[in-house]
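Q: Residues per chain, in single letters:
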Amino acid sequence: MHLVRDVLDKKLMDREDCPMGRVGGLVMHVGESGPPRVTHILVGGPTLWMRIHPALGRLSSALGQMWGPRRKEPAKIPWSRVETVGREVKLDVEGKDTGALDWEIWVARHIIEHIPGGGSEEEE
Amino acid sequence: MKKILQLSLGIITSVGGFLEIGSVTTAAQAGAQFGYKLLWAILLGTLCLIFLIEMSGRLAAVSKHTIVDAIRERFGFPFFFFVLLGTVLVAFMVLVAELGGIGFALQILMGIRFPWWALPVSFVVWLLMWKGTFSLIENGASLLGLVTVSFVVAALRLNPDWTSAASGLLPTLPDDDKSKYWFLAVSILGASISPYLTFFYSSGAIEDKWDRTYLPINRVIAAFGMTFGGLLSMAVLIVAALALRPKGIQVETFQQAALMMTTALPKWGFYLFALSMLFACFGAALEISLAISYFFSQGFGWNWSEDVEPSSDARFAFVYTLIIGFAAVPLMFGVDPIKITMMSMALTSATLPLAIVPFLFLMNDPIYLGKHRNGWISNTVVGVVILISFVLAVVSIPLEIMGG
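Heads up: the protein sequence lines correspond to chains E and R, in order.
For the numbering used here, count along the first sequence from 1 and bump the result up by 1457.
For the numbering used here, count along the second sequence from 1 and bump the result up by 580.
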């Protein structure tokens, strides 16, 4: 597998086939012995903006703590939960439990559901 | 049977969806000022669009990726972000122009000035997005857009000299006002080769669950639909050349543009023009709002579909809510939609390479398309037209700004 070509920026799907965003970054563990191995998938704003410039990453992280779901850490999904890597990266997780859908839920509850006809995110 | 239905709908979509404020304004200005001389720009733009639409349908049917999905995956986030920034900014300007077009059409029908229409019009567009489904938007807007066929009726009634019209299909240099001529050529190219149409089309192919069996139909839709659309634009130019040019009327305002239909159809012309613009701009406003939301949602991997409740794809719904709201603001302050149209069409040409060059790379990538990747003809036609549009845009936009 070619990590940058086959994994980075691929769409993430949870076990219910619900889109959870895209692979923003990968965490690797480099030990004293043995080859480096991927330990986590990172999802979310600060990781993405960091890829353009570190300052943008810090700004995104600071803004994220002032507004919205206020996550302190980026959503981290253990590599062990990866089921398949193909057209998408399929995960054996519940999307809502990983933190990757915090913004989706926040926008639904705080904005969309307050507009008539917006429906309820809970019904899903 | 389902596919035959899809075929006819696809062609209607393209006919009804092709004309909008950009094509009408640029073609009307070109005809009024330069006669048939700029018909070649519509021909070139339409040819390029046929290839681009076919390519975006093929990418979706074979790889199950929309263009935006594939750009993000293949080129990574930093590159994707700049494509997003450029494309969305220009598409936003076009949305402002379309909403202005609806306001203008209502102004000439009802007599109330267009800034007053900005909010109600944006609200209705938003409401249809909020409550409507993809096929309602695609087919409803396109069927209503068929009223634009009245431009063809008007062109035929004016008995054009077909030989001199045909000579306009080959580029010639104008005798005077060269900078305006080239600026109009660029704007016509931008109005024809709208990148948002390709995003919209490939997303539609995914929403309709296309697979490889749709490849032949995709070709027919692209070729026939876009050709009909191009012919509609040419009809506008011909009508303007025959009705406005002899009287020395140049299209600076919408009221002037509306006059072009009254020569051919004295009784109904004015109303047919207003209704054509109303429906065509309305359809285009819906398509652009959807295309911008698709761009964000697909690029960031959010849930997206026009066929589910807004709370099930909250960020998708939030993007179009925000975009449509913002687009109403300049119009409320009376910014001239014709000026925005001309500038946004030229800027579309200037930013074409940003979206289309990576798209061309994708279309040649065996990972995505296998044996269905582009041949040399598609690559050459699209590559050359995009290069011409870009070079003309870079040269003519500064000249127009300094001159105008």
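Keep in mind that the hints are not guaranteed to be accurate.
[As the list claims (entries may be wrong)] Cut-off 30 Å, straight-line C-alpha distance, at most; resulting in silico cross-link-like pairs (DSS-like, lysine-lysine):
{"id": "1", "chain 1": "E", "residue 1": "LYS1533", "chain 2": "R", "residue 2": "LYS951"}
{"id": "2", "chain 1": "R", "residue 1": "LYS644", "chain 2": "E", "residue 2": "LYS1547"}
{"id": "3", "chain 1": "R", "residue 1": "LYS951", "chain 2": "E", "residue 2": "LYS1547"}
{"id": "4", "chain 1": "R", "residue 1": "LYS758", "chain 2": "E", "residue 2": "LYS1547"}
Don't read these hints as lab results, they were simulated from the structure.
Q: Starting from the hint list further up, note which numbers the structure goes against and sort them upward.
A: 1, 4
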